[in-house]
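Line order of the protein sequences matches chains X and D. Take 1295 as the starting number for the first sequence in my numbering and just add one per residue. Take 1295 as the starting number for the second sequence in my numbering and just add one per residue.
Mixed in with the good hints there might be a few duds.
Same chains, same label: a pair holds when it works inside one copy or across any pair of copies.
Listed below are the simulated SDA-like cross-link pairs for lysine to any residue, each with C-alpha atoms no more than 25 Å apart in a straight line [claimed, not checked]:
(1) K1934 - V1749
(2) K1909 - N1843
(3) K1472 - E1705
(4) K1762 - E1381
Source of the hints: derived by calculation from the structure; they are not laboratory data.
Okay, here's what each chain looks like letter by letter:
There are 2 protein chains.
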Amino acid sequence: MSLKYFFQPEAVAVVGASRNRRKLGWQILDNIFKGGFKGAVFPINLRARRVAGRPAFSDLAALPLKRRERERLLVVFAIPAPLLLREVEKCAVLGIKNLIIISAGFKEVGGRGRKREEALVQLARKHQLNILGPNCLGLINTFNALNATFAAADKKTGAIAFLSQSGAIGAAVLDWLKTKNFSLGYFISLGNKAVLDENDVLVYLARDRRVELIVAYLEEIKDGQKFMALVSRLSKHKPVAVLQAGQSAAGGQLARSHTGALTSSLAAVKAGLKRAGAIWLENLEELFNLLSLFRKEFWRNRGREDLYLITNAGGSGVLTVDEISRQNLKLGRSWDILGDADAQRYRKALRKLLADKKVNNLLVLLTPQTMSEPLLTARFIAAAAKKYPHKLIMASFLGGKAVASARAYLEKQQVPVFDFSEEAVATFKKLLTYKHSALNLSPYRPPAVRIKKPVRADDYLRALALLKKYCLRTVKSFRYKAQPRLSFKRPLVLKLVGPDFNHKSEQGAVVVGLKTRAQLRSAVKTLSLKNKSLLADGRNYFLIQPQVNKAQELILGFKRDPAFGPLLLIGRGGIYTEIFNDVAWEIADLDYQRALKLIASLKIYPILNGARGQKKYAIAAAAHALVNLARLANEHPEIKELDINPLFLTRDSALAADIRLVLS
Amino acid sequence: MSLKYFFQPEAVAVVGASRNRRKLGWQILDNIFKGGFKGAVFPINLRARRVAGRPAFSDLAALPLKRRERERLLVVFAIPAPLLLREVEKCAVLGIKNLIIISAGFKEVGGRGRKREEALVQLARKHQLNILGPNCLGLINTFNALNATFAAADKKTGAIAFLSQSGAIGAAVLDWLKTKNFSLGYFISLGNKAVLDENDVLVYLARDRRVELIVAYLEEIKDGQKFMALVSRLSKHKPVAVLQAGQSAAGGQLARSHTGALTSSLAAVKAGLKRAGAIWLENLEELFNLLSLFRKEFWRNRGREDLYLITNAGGSGVLTVDEISRQNLKLGRSWDILGDADAQRYRKALRKLLADKKVNNLLVLLTPQTMSEPLLTARFIAAAAKKYPHKLIMASFLGGKAVASARAYLEKQQVPVFDFSEEAVATFKKLLTYKHSALNLSPYRPPAVRIKKPVRADDYLRALALLKKYCLRTVKSFRYKAQPRLSFKRPLVLKLVGPDFNHKSEQGAVVVGLKTRAQLRSAVKTLSLKNKSLLADGRNYFLIQPQVNKAQELILGFKRDPAFGPLLLIGRGGIYTEIFNDVAWEIADLDYQRALKLIASLKIYPILNGARGQKKYAIAAAAHALVNLARLANEHPEIKELDINPLFLTRDSALAADIRLVLS
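Input sequences plus hints: build the corresponding full structure.
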């Protein structure tokens, strides 16, 4: 269903419009009137003839609208939850398609509320209804002068769309914006996301050219693959930034109890956002800083990326350069115009620097001192920003009272201004990182694959054989029998494998360096005695492999994420994998080039690549193995988790030496 | 010299007191009067009879004071630099001991200014003068109602002393404090630190019981050893927090050009502050957050350390728990009192939680929603904080206009309040870390050692022999001669050593695994040919060592820091030391227990300690080696740098296999 008339309705009705100013039904109606919405506005109230000075209607059915007009109507519900389903059914009958349900009392209260929400979803599916919420703040579209929320908001339009899954955080953002003299294009409170979710909204926002940045606060991304498909296309011309709460284990648990969402792991969210080319926000401070700093011109600008500074305090300059260094950014120049700088000296420095084509990004620092003129300096900065709209000009005025009005002035003039220069530098870095990743982004396509016959994971050699089917080489492995024909050219490794030996090293189920038949027999004997009961199960047995030396041990694997699909892993392997914690994650549509990049992101990479005059390892083979494993992950959805550890990476090949499989 | 009368003078004279309100000389005088200083105040002006309505004197010599009174006089100079030395000489003659030099035009301008400062230092030494500055903002001592700066400041007293090496940042802090309704005990602008530096001031502040926290912004710590000696004693009962600018390479360069200081490395500063038990601040935001959060009661409190939350927004709760998790803190409970919580519901939750003895640390989150009453909630929080002065009660009110007055109220009531809960959590963590380290801190004593005869570093075997003198075991090493008596029980290693072979692996000057005499001879031949010219220098020669297997390669070493003395290093060694970057630093007074702790801080530690059922390495031997190396570093000040890499750590010993020495 198109959301055109949901976001740009020709008329709005408020069900539950109230004469009581303390009620949401009054506040919403009042906001719609105050906002200056151009279309018709219909208060719906069972008893009152007039609400807020306008004629009211007793029922949606009573509205003087034709069917076509009803399709272009947006209805906002602010009535108790138990009354809702009947009203929604009425909408379906009347051909009303676009609904906002402000009312709480659904999934978030559990029990009866959960059932009510399920019924709502059924209705919406059956009748193709666009429903925002329930349990939300509503919608603001400043381009249409529509404020269909119960929160006061600015009338001006803006280039940023803000989505929030939390009403409270949405309200806080609106409140913050007011003090910053800052307007949004859209404000969308997603609420319980029973019907419309972030993906639906993104599809609509993608097409609105007036929207230049989309920022979302989410507590879960429901359909990560759709999200990546959408956003990876969007990112090249319209950045999307996401703050997802519940990234820690404890936070995730709380989020689940709060929203009932099955949250993805932090690794999955980070890999998914990266794949989508989205900007990952770690906390609310980063979110607010991004709102402050974002300028379309900046990220479209293909010029030089060094950051220049003007400062009237040496100390501030040094601290800022420290942060530039910490963020791995390039410093153009830090120009100390000294403590006695007045506004004119700032003006001259601004002129001189900005006239230089090399200077694309400038941060102006001011610390209030005897000769400082903060407000006048702010005026000069704002004037410079107007003159050079394609350069990024930021300011950081340190202090309190002495710089308060200057800061407010800069905010009013849309010049990004920060309390601390560190914030400016870190946010700048974030946008730069986005810019680089968006440039090289290929659109994500959920892999179209033929699902293969499920594997039988209960046999170890069969699992290894599965790897071979996907062109992953394995160490020569065969079952130990009493009188095996063995070559001892290389020492052998004896292992116990099977469902009861998933942690072989810790279980003492691996013996290496067996050089003679006698050593082998003795090892078999010892292990047999120790593991008698487990070996009674025929799925557990002895395996023999030739020992691989001079290899780097890697781990290769995947985990299936509920939202983002299979998540591939490569890292430093062996028995110390967790200790080194040198692993990298990627979405399973990766190709050879991205596999190479992923490997290059490992800390161990310089060693694989022959650091300090040493020989190189077969990085290409590891990359191919990753790509093949991705194919396996996509074609075998019955496998929940798979680990190859170790994968021996030698100078010329990548050999899987052990496998662990978990079926779902 | 005691600084008693410097900080608590009985009278103050201002040299350069002016009738022109735009001049510093007027502003300083005005601040002294406005501040309500109880002692006599003498404006000194060559011509004017009266300044600021008070009788003025033409010269310091004309003051109606006895010698004893002059010793208790503080003189503030705000006259041009070229006139200063004569005035300071006059002070010496008159027996005036305490001077503040506001005037700029010294070291910071280079050339003549530098010479002027040197002369000033000479005078101060000769006559034992206490001089603050030059090129500073001055001094505020609110306990004596003395504001001897040209910056406006609050009259109220406070428990925090703030030191700043930068006038500009000092001014910004004072300005910020005004908006926060926050008062300092002392404000001390150190300026060029020609005479009085942070250490002198710390000695004084250590004794003032009214000061509960000392915060310093420094661009260099001149005498790090003295600093550690002072602060490690102070830390147990009075925390000291330091922000040192110029920590990055680029920032350090800038700092040097700015202050002419020889800055310590970041590793040295961090190790030094840690040794001193000081709180390390990374940037100004952390500094301001600490000022906001600090409560003496908190760190004296020995109770439980979990952090409790009250929130009216699930999302805010989740984000805060994420940060608690990131900071490795323990969450007590996150209590969601729901979006429709009014002030009374907050009050009840506060009562219930705070009555619980387990609850020591509480963060109250508020997001403005329809039923929220931010200001009334703030009142209840402030009341609770008064009722439970020994509990740490913090607040974070998200948003803008709707919470502005509530925030201001909390600030006025001295309740720490933050824009973002992350800041509260991170600052809380900082204080907690301080608390733990301060508890276990032993006082630092610059090692009293007998300096030994300098080593001759030009001979490699002699350098190895030096290690043996300090009980550091080395791999058996001997010079290769044409017909050596060799045992090939273990394979041998052949190395080229000497002043031209400092990067042996990269130079291809190491051959391992030599199992026969023939292999050895062939290796010698090859290397001889390749390094013919270098071998002409008799200090370069062949060395033979038995190969050590099954060992972890560590690096052990030290660097001499200009401020903090020898800085010991231990880390993962071998040819990939830089790639692993797993190193830890310590001050060279370390003992066995601290050596063990240092080793335990390495990422590789779990492996050394026998992770995953493996055998343990000889950690005790590595710790002893560190302690012995510290002794060597202290007794041989002529060695600027020393590296042992690799140090082979086996199951039962630590063996130095290679050494690199740099003499100063």
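Against the structure, the hints:
For the homomeric pair K1934 and V1749, the shortest alpha-carbon distance inside one copy (12 Å) is at most 25 Å, but the shortest distance between copies (63 Å) is not. For the identical chains of this complex, K1909 and N1843 are neighbours both inside a copy (14 Å) and across copies (21 Å), given an alpha-carbon limit of 25 Å. For the identical chains of this complex, K1472 and E1705 are neighbours both inside a copy (11 Å) and across copies (22 Å), given an alpha-carbon limit of 25 Å. In this assembly of identical chains, K1762 and E1381 lie within 25 Å of each other by CA distance neither inside one copy nor across copies; the values are 59 Å within and 90 Å between.
Hint 4 alone, counting from the list given before, is not met by this structure.
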